[in-house]
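A.B. asks: Based on the hints, put chain B in the right spot on chain A.
So the sequence lines, in the order shown, correspond to chains A and B. For the working numbering, add 62 to where a residue sits in the first sequence, where the first one is 1. For the working numbering, add 357 to where a residue sits in the second sequence, where the first one is 1.
Warning: the hint list may mix true and false statements.
Below are the EDC-like pairs computed for lysine to aspartate or glutamate, each with C-alpha atoms no more than 16 Å apart in a straight line [stated by the list, open to error]:
id : chain 1 : residue 1 : chain 2 : residue 2
1  : B       : 392       : A       : 235
2  : A       : 175       : A       : 135
3  : B       : 367       : A       : 252
4  : B       : 392       : B       : 625
5  : B       : 462       : B       : 482
6  : B       : 770       : A       : 102
7  : A       : 234       : B       : 391
8  : B       : 739       : A       : 266
9  : A       : 164       : A       : 138
10 : B       : 388       : A       : 157
11 : B       : 763       : A       : 235
12 : A       : 193       : A       : 95
13 : B       : 770       : A       : 128
14 : A       : 234       : A       : 252
15 : B       : 370       : A       : 252
16 : B       : 366       : A       : 135
17 : B       : 458       : B       : 608
18 : B       : 637       : B       : 434
19 : B       : 637       : B       : 625
No wet-lab data here; the hints were simulated from the structure.
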Amino acid sequence: MSKPSSPRVALFVTCLVDLFRPSVGFATIKLLEDAGCKVDVPISQTCCGQPAWNSGDRENTRKIAETVIQTFESYDYIVAPSGSCAGMLKMHYPEVFAGDAKWMERANLFSEKVFELTEFLHDVMNVKKLKQKLNSNITYHDSCAGLRELGISKQPRTLLKSIKGVKLAEMKDSETCCGFGGTFCVKYPEISNSIVETKTENIESSGADVLLAGDLGCLMNIAGKLKRQGSTLEVRHVAEVLAGMTDTAPICDTNKKTVAKGR
Amino acid sequence: MEIKSPQFKKNAKAALADEQLQKALSHVRSKFIEKRATAVRELDCFNELRDNAVAIKKHTIKHLDLYLERFEEKVLEQGGQVHWAATARDARGQVLDICRKIAAKTVTKGKSMISEEIGLNEFLEVNDVTPIETDLGEYIIQLRGEHPSHIIAPAVHLNMDQIREDFREHHTELPEDRSLEEPISLLQEARGILREKFLGADVGITGANFLIAETGTSVIVTNEGNGDLTQTLPRIHIVLASIEKVVPTLEDTSQILRVLARSATGQEMSVYTTLSSGPKRGDDPDGPDEFHVVLLDNGRSSMLGTEFEDMLRCIRCGACMNHCPVYHAVGGHAYGWVYPGPMGSVLSPSLAGIENTGHLPNASTFCGRCESVCPMRIPLPKMMRHWREREFELHLSPASQRRNLKLWAWFAKRPKYYRLFSRLSHLALKMLAGKSGRISFLPLAGGWTRFRDMPGPEPKTFMQAWQDRSTRDQPQ
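Only chain A is shown next, with the shape it has when bound in the complex (with noise of 0.2 Å):
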């Protein structure tokens, strides 16, 4: 695919980078101009719906589709730091409009302009190979939407090696859910906490220095459990690291020395 010349991309920031780590929003913007893009950030967003959509709300969701495709649909890209976000964009925003030919094809042109972050990177601007330095040993969560609804695997690992000084050292059954799933740590917290306990240790058998993932969700679920149990490792989204962007503190900590900064 040839590289678009500066594309008009608008960030769909996501709920949790807002909310928790706005690190996440500006490594991202960061990402894209360095990329050759041309970067808004539409203020009118709110959420992608996916709540609703899990939770059976049909008509709740729909509304809130209608409303982002129109903030939306008029750039060239719509480019989200979440395979869990994009994948609803992408993915799930047709079947919301199931039954309506008019609004089914409208979600259709728009859907096919949203991109996970690394993946917009990698495979749309072409990106393969990023000039920064970094002395740290690294293990990468699959997190679950943009594996297997979007297939992204190789993009976050093939930028990560591009870096300088980057070691890749893969933890067992990567491709395992962490537990998070939305509301449902919440709803079955015991199930969902075995689950993650599992994570966790296959991340600490790996030697890794830092975790890195894709979905804020996925994050604040390990990153919060690691911190219970005492662990040390450093955990933040894989665009902090992309972007060099590692001046924050990791995800659940306030110690800004960090691993990522090579120590």
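C.D. replies: Chain B alone, transformed into the frame defined by chain A:
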């Protein structure tokens, strides 16, 4: 079987605290997955075979009536009998009638989930017919008075030491000082005991993996050969099968067989694939005098034409549960009814009512791994979501959940108010986190903070920070 799905949460908690169970489940977490992955890797055309298998089943389900009638016709031609059972009760009655006609005392059984679905064993027992499970796993759980916790590995929730104890407790006719240390010794002991039962049984009941319309044949796959002894030795062979097991031809069956065992146990083929077509013919050396097929509907026909129709493609390989993080955590019994794991979370509400099984389609992270390994490409998460829609429409989902959702959606539809909502939430989170950068107790999200910390937010929301930056960057 009594439905314990409404107590799913309680069942799950107990399962998580059960050390024996957790030890047993650790094998499911790795072995099944590795074996399937290897089998799939070794067959280049696996995905093409999957597509063929899906096409065969889709076509059959579209013309289910036609193929079922054709199957019946062929069974009758060969001297067999077909019994149509609309409900579980009908099926139980038909089986008992057949047993009573010859005053049957004992019935040997091959593995059959339909038998579990209709609660056949309990029913036969109260009617003075003794059912004897002959699949090793089924035999063990029958001794224990349990139900299968997995559709192809019924005793997967048990460890060797538990089985050793069960055998010592029940097989009192054997010397007390015998060694049962090696797994093979357990197998040999069960085999010895079952051999007698096979020879003494009046009726043999098997399930069916396929019913072939073209030939009127029923097919079972096993790894122990117990199915063959069950169906050839007694005077009567009863096949107990649900209607969606029918496939048009022998060739179709062989196509689906190529994905079945690979998906299930990672074998290329099961050890035994047994085809039976009618009772013993004049020149046959052995076989049953009578051949009956009980065809069970029990709610399946009402899935046709609905958003749950795709579920009828399921070939019961168990790959979905083998790859499910929730099944790995709690095992099969926690689901509280016959069919555990993702396939059960879709099928059980169809068969036992969503009002009884509401937790099941909710107890999923929607990680999608089940769908990714399903040989029939059944969109399991999507169908679980459809059940959630039904629950939402019928007001079956918990009131607090609905209230929170409604409130959240009100804001999500109104960007200006949503900004305000997120600023207020942000402020509250910031206060709770203080200087520690994390929250160890969060009201309304106690389920989260009971087990893990919640990260504190950065100083501003993204939108605040972005607007600040935009204002700063604007030319004065």
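A.B. asks: Holds or violated: residue 164 of chain A and residue 138 of chain A, Cα atoms, limit 16 Å.
C.D. replies: Status violated; Cα separation ~21 Å.
A.B. asks: Just to be careful, I want the Cα atoms of residue 175 of chain A and residue 135 of chain A compared with a cutoff of 16 Å; is the pair within it?
C.D. replies: Measuring from Cα to Cα gives roughly 8 Å; hence the hint holds.
A.B. asks: Would you check the hint for residue 637 of chain B and residue 434 of chain B, treating anything up to 16 Å between C-alpha atoms as holding?
C.D. replies: 13 Å, holds
A.B. asks: Next pair to validate is residue 366 of chain B with residue 135 of chain A; report whether the Cα-Cα distance is within 16 Å.
C.D. replies: 42 Å, violated
A.B. asks: Is the hinted pair residue 637 of chain B and residue 625 of chain B satisfied, with a Cα-Cα distance of at most 16 Å?
C.D. replies: Violated, at about 30 Å.
A.B. asks: Taken at face value, is the distance from the CA of residue 482 of chain B to the CA of residue 462 of chain B at most 16 Å?
C.D. replies: 10 Å, holds
A.B. asks: Taken at face value, is the distance from the CA of residue 625 of chain B to the CA of residue 392 of chain B at most 16 Å?
C.D. replies: 10 Å, holds
A.B. asks: Just to be careful, I want the Cα atoms of residue 770 of chain B and residue 128 of chain A compared with a cutoff of 16 Å; is the pair within it?
C.D. replies: Holds, at roughly 9 Å.
A.B. asks: Next pair to validate is residue 388 of chain B with residue 157 of chain A; report whether the Cα-Cα distance is within 16 Å.
C.D. replies: 36 Å, violated
A.B. asks: Below or equal to 16 Å on CA atoms is what counts here, so check residue 392 of chain B against residue 235 of chain A.
C.D. replies: 15 Å, holds
A.B. asks: Check whether the Cα positions of residue 770 of chain B and residue 102 of chain A lie no farther apart than 16 Å.
C.D. replies: The hint is violated at about 21 Å.
A.B. asks: What's the verdict on residue 234 of chain A and residue 252 of chain A, does the C-alpha distance respect the 16 Å limit or exceed it?
C.D. replies: 22 Å, violated
This entry does not satisfy hints 6, 8, 9, 10, 11, 14, 16, 17, 19, going by the numbered hints stated previously.
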